[in-house]
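Asker: Sequence:
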Amino acid sequence: MSPEQTYIIALSKAAIFDEDPPLPPEDTDWQYIWDKAYEQNISGLLASAIKKLPDEQKPANYQEWHILMLQTLTIMSDRFDEFDRMINILRQNGLEPISLKGIVVARDLYGDKAMLRTMGDFDIFVGKDKYSGVKELFASEGYEISAESMGMNAKRGRHFWEIFFTLEEEFRVNCLEWDKRFPNHTIRTDSGILTLDPTYMLAHLILHLGKHMVREGSGIRSLLDIALFVRKYRNDIDFEFVRRACEEQYFENAYVLTLNAVKQFFGIDTEVEEKDAEVFMEYMLTGGIFGDKSENVMISQASKHEDNVGIVRRLFFPTVKMLDYRYTYLKQYPFLLPVAWVHRVFYAHSHYGYSFRQMLRGIKGGISFAKKRDKWMENLDLYDKRG
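In the working numbering, the protein residues as written are 246 to 632.
Accuracy of the hints is not assured; some may be wrong.
Derived BS3-like pairs (lysine-lysine); straight-line CA-CA distance at most 30 Å [stated by the list, open to error]:
#1 K576 - K620
#2 K258 - K508
#3 K477 - K258
#4 K617 - K425
#5 K297 - K508
#6 K576 - K616
#7 K375 - K576
#8 K358 - K456
#9 K456 - K620
#10 K400 - K375
#11 K477 - K425
#12 K566 - K617
#13 K358 - K400
Don't read these hints as lab results, they were simulated from the structure.
Sequences and hints are given; from them, build the entire structure.
Answerer: Here is the structure:
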């Protein structure tokens, strides 16, 4: 890793643990750190650590860091207020969901920096018996509802919710069995949020990180969440159960690398065998919050590795395994694969606004993009190994 990448990790650690940051290396490229923090959506957090540096060690544009931190606080305060409002309404109507990921860890783990842990949306899980009621309630509160394969999206102004009735994107194997278990494995956090118990929550956090690593990549914000989570709940987590859950979902190496990164870079002991996580961390810092994504929405299919399937085929004619996470009808009716090929083109056009010309224009770049990702996946052994 470069000195700047290493220093980003050090600033992140200082921010989430509320420690004084180390002094920056000599000749630090602060512009790189500024750009990378913005890409990774952790600028506010890093600014809180940079604020503690001696004035002579702060970047020349420190005032911009400070302003961005204040802007983050304002935006997230508004989003948190809306989360509380809607959760209270759902609770009053007997429809309280299980809250997941960002909002949970921000409120439960980040302390007075909770509103510097940015999030674009709120993720909640509801049983199918409550699903229609939740949909009607969000609609009655002025939200625009759009159906998705695993639930629905609800959007109103700057507020966005992903409402799942299945967590199949993470728990892909035996997903129905897992969905049934979640309501029986919940706790209420210190901040009053209903969420998964520590063991199930850690499994979900690691599998979610692994999912993004395989599809397009992931920034380090998710790892900061996991580091704080393990530090607080280490004695309440059944690590062997989490390992088995990740192994069942073909993400055991994601489990090993994630917990080694937590130990190696954040000093939190974890029950996992030693494995160097430096390449894993470097990969997290190569791109933005969701990795080194191509601007062409069609190209993401080319980054999904499958044995004996070439990159060009992945671009134009992805396999069932490459598409069934979104077009879930392929799990039951794999012979509809040609329908899914057409479906994804029109989805990219209607949902993301890509023109057909834009989709075709990035093919050459997509091949290069996929080759680079293949190399990362091979080095990290994070290929999807489902049969």
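Asker: Work down the list of hints and note, for each, if the structure agrees.
Answerer: Outcome of the hint check:
{"no.": "1", "hint": "K576 - K620", "result": "holds (28 Å)"}
{"no.": "2", "hint": "K258 - K508", "result": "holds (12 Å)"}
{"no.": "3", "hint": "K477 - K258", "result": "holds (15 Å)"}
{"no.": "4", "hint": "K617 - K425", "result": "violated (39 Å)"}
{"no.": "5", "hint": "K297 - K508", "result": "holds (25 Å)"}
{"no.": "6", "hint": "K576 - K616", "result": "holds (27 Å)"}
{"no.": "7", "hint": "K375 - K576", "result": "holds (25 Å)"}
{"no.": "8", "hint": "K358 - K456", "result": "holds (27 Å)"}
{"no.": "9", "hint": "K456 - K620", "result": "holds (17 Å)"}
{"no.": "10", "hint": "K400 - K375", "result": "holds (19 Å)"}
{"no.": "11", "hint": "K477 - K425", "result": "holds (27 Å)"}
{"no.": "12", "hint": "K566 - K617", "result": "holds (21 Å)"}
{"no.": "13", "hint": "K358 - K400", "result": "holds (26 Å)"}
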